[in-house]
Amino acid sequence: MKFPVPHDVKGKTIPGTEGWELMYPYHYQFVTDDPERNQYEKDTFWFYDGLHYPEPLYPFDTIWDEAWYLALSQFNNRIFQVPPVRGVDHRIINGYVYISPVPVKNPDEIGQRVPNFMERAGYYYKNWDELEAKWKTKMEGTIAELEALPIPRLPEVEDLKVVTDGVGESTAYHLIKNYDDLINLGIRCWQYHFEFLNLGYAAYVFFMDFTQKLFPSIPLQRVTQMISGIDVIMYKSDDELKALAKKAVALEVDDVVTAHREWADVKAALAGQRHGDEWLAAFEKARYPWFNISSGTGWFHTDRSWNDNLNLPLDGIQTYIQKLRDGQEIDRPMEAVRAERDRVTAEYRDLIDNDQDRKQFDELLGCARTVFPYVENHLFYVEHWFHSVFWNKMREVAAIMQEHGLIAEIEDIWYLRRDEIKQALWDIVTAWATGVTPRGTKTWPAEIEWRKGVMQKFREWAPPPAIGIAPEVIQEPFTIVLWGVTNSSLSAWASVQEVADPDSITELKGFPASPGTVEGRARVCRSAEEIRDLQEGEILVAPTTSPSWAPAFAKIKACITDVGGVMSHAAIVCREYGMPAVVGTGHSTRVIKTGMTLRVDGSTGLVTIVQ
Amino acid sequence: MGSALMAEEVRLAPGLDSRAPKVCFFEDCNKDSVPLVGGKCSSLGELINTGVRVPPGFAVTTAGYAQFMREAGIQDEVHALLQGLDHDDMDRLEAASREIREMIESRPISIELEDLIAEAYRKLSVRCYLPAVPVAVRSSATAEDLPGASFAGQQDTYLWIRGIDDVIHHIRRCFSSLYTARAIAYRIRMGFPHEQVAISVGVQKMANAYTAGVMFTLHPSTGDRSVIVIDSNFGFGESVVSGEVTPDNFVVNKVTLDIIERTISTKEICYTADLKLQRSVAMEVPAERQNIQSLIDDEITELAWMAKKIEKHYGRPMDIEWAIDKNLPVGGNVFVLQARPETIWSNKQKAPATTGATSAMDYIVSNLLVGKRLS
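Respectively, the protein sequence lines represent chains A and B. Position 312 of the first sequence, counting from 1, maps to 312 under the working numbering, and the rest follow consecutively. Here the working numbering runs 1000 ahead of the position in the second sequence, where the first position is 1.
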């Protein structure tokens, strides 16, 4: 498999974007002036992290990339000491993030790391439930601190109390301090994000791996099915929508709730009615914390939460009301999922030839089921709840910058790196204190205008799925599970890459994630806003899906994603609903157009463009 | 037992006497009938009684064979021809075999035995709503105490036989196959007295196969017990069994019955019944059908379901021949022709997959060290 050389890719600067590198941390760059680093970069395999970054990264949003770069790597390498692998290295080209797991090459060193890992990771596996309970307390505390954190506006003159209480500190000091606190809470939250995650993924990977040794032909979706049907918080938000749909029918306000596409209109129509008020109260109650769920992956500031755009949960509620009127069951078929899980598990177990293997199977399955709730639930706490609040706190910071003329629009703040924002706040507070005009009012608006143009050009560029030289072995559990990097996915990516004309492609190969074969009309949705256009019975084609897209799955009959492995959201939900899914196709949203007729085979992973 | 079911001869069971039936319908047979009707017919009976769809038929039993040999009055001559043969001397073995087989095939079957067979054939025809139903005539053998499975593929099978005279003739040919040079040599080498062996013959309604083939209830190349692997081609199964074509290949998940792999090959020839000649002939598959999937998905699923049931019944991996009958409507046209225990993987001592790790943690560490191979 051949992929382009990183420096060649980077060398072809898109005209008009010269100097883009300054928008991102300097150590994220592929280099040519340092022979040693240059050689290392050439010899390394880099793959595009499209799961997290389907769009080029805004300078501010780099914060989460830096946060996980640090957190994952430190837990792998410095805390648990995963024997054969260190952290995951990062680079950026034209705003797109490329990553690569770093192996420990010296066998002696790997050996030395083993006892550490056994002791440390072993402690976590052994005390998983207890440590997870502790984790939940830490995480909820962090979110509570975030929610309570004020972003103060600079007053014309400080309150008299500052004098009478002898405070001795100004609002300016609190503004820059709280900005730091805000950033630090974000970094802390991401420390917790990775506290358990790689251990959880390792438990998965090796349960999968062992099962595949026993049954070389077992589809991965059948392995993960054995860990399904466990209740997790991550799906609670969707359950709230179903409960609201049922309540609307029970209170006979469903006609009003489905009468308008805009939440404001629904709210106005319900207000003042006795049952209407009761339903509105239930709606308000569900919002905290359950509507703190992002309409995307939660990784980008552009992923607004349900609380930010109440039309999104409204659309979900309307879908469920329609299902109820049609006499359909809307609850996730958990009983059926569990019964099928138990049948499948028991049948496979019966096919195991010897007691030793059966015992090992039981052990690994038990471990995988123990870690499962964390692996799902951390997403709700970090990417959804924390992030939803965090982005809006940043918008409060942006409002102050706008007020002082450093940015024209609130949403302009994302074009600045977080250290540039810190500088700009210093510019503001010192100018405010001094009574002069901040210098940034002349520098930032122009810079931001230029960066907007650069970002637009980045968006029009298609990042190659992988660059560099593919290794023979991958030992980093995270990269295997989450991004579905395997030999077959790489060759599929490589082959599509070689086709110059996407219109000539009639077949796409991805991971068989949920079995079954259907034919239907394609609907390409790149955002949560677009899923509102989904029609009953269409095939959803998306870069990747997130839990807030759950209501969409009640409408579609199959799902195809660009990125994701067998444990991705789309894969899990499709298996629960018993509809086919093909994930990790690399390019489906680029090749497939809305309206095409597709055949999706979720058992083999083949997507055919029929028409 | 097991592997030895493939051998083509049977030692006369000591308890077999003149009161034993000479002809016996499959449904009256079961796994305990091997000494009487041989491995093939007893397993067909067993399958029918398990609820698997099998084309109906009857067996001429080992007692029937013994009676024929007695009545033909050729035992002394046969015996004389076999005297002093050396299992290494292929030329003499071949010559003796030819002479014995000609002798057996030319002797009449007694009226009494012929009546029994003719009556069974008539009943079978009535049952199939076909005058002179076309049948497969095949030797059904067992040798429970003979080691090895070296006789695989040696049984004589005659396809598309119609009319009682032809049926009788081919039954004799099956009888005579007990005296192939190879079979004689084998017995000499193993020290089995020739007069103590016998054979049974199955007469079975010919499935007029649109498509046919074989399937295994494990993966023949990896030994994976969680799949059923199906090979199929148009026409009778001969082209698949003999390896004359590269068949279509399907891998079905045994637990869920999903088709997880399909390989559609170019199938250039197939075997079909020539209705003028009333026999099975090889023909070229029309060009437009050569690359078409020879089984539809519903049939694949039904076959896999049957295979799963058969394996469960026998409690071990099985090797199964099957056919889709083109004269029968969908829903009742998928047939199992034969099922026998799989021998290659089943006789292999499989090493455990675990490295002997005691806990999940040990396993995770030992495998982290190895990593996941990409190529």
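Rather than coming from a laboratory, the hints here were simulated on the basis of the structure. None of the values given here were measured: they were computed from a predicted structure. All C-beta atoms, glycine included, are put in the ideal place defined by N, C-alpha and C. Do not rely on the hints blindly, as some may be mistaken.
Said to hold, decoys possible - Covered by chain B, per the in silico footprint, the following chain A stretches (three or more residues, Cβ under 8 Å):
(1) 80-94
(2) 217-225
(3) 355-369
Taking the hints in turn, this is what the structure says about them:
Residues of the segment 80-94 of chain A lying with their CB closer than 8 Å to a CB of chain B number 4, which satisfies the three-residue condition for coverage. Chain B is given as covering the segment 217-225 of chain A, and this holds because 4 residues of the stretch bring a CB closer than 8 Å to a CB of that chain, at least three being needed. Look at the segment 355-369 of chain A against chain B: 8 of its residues bring a Cβ nearer than 8 Å to a Cβ of that chain, three or more, so the hint holds.
Of the hints listed earlier, there is not a single one the structure fails to meet.
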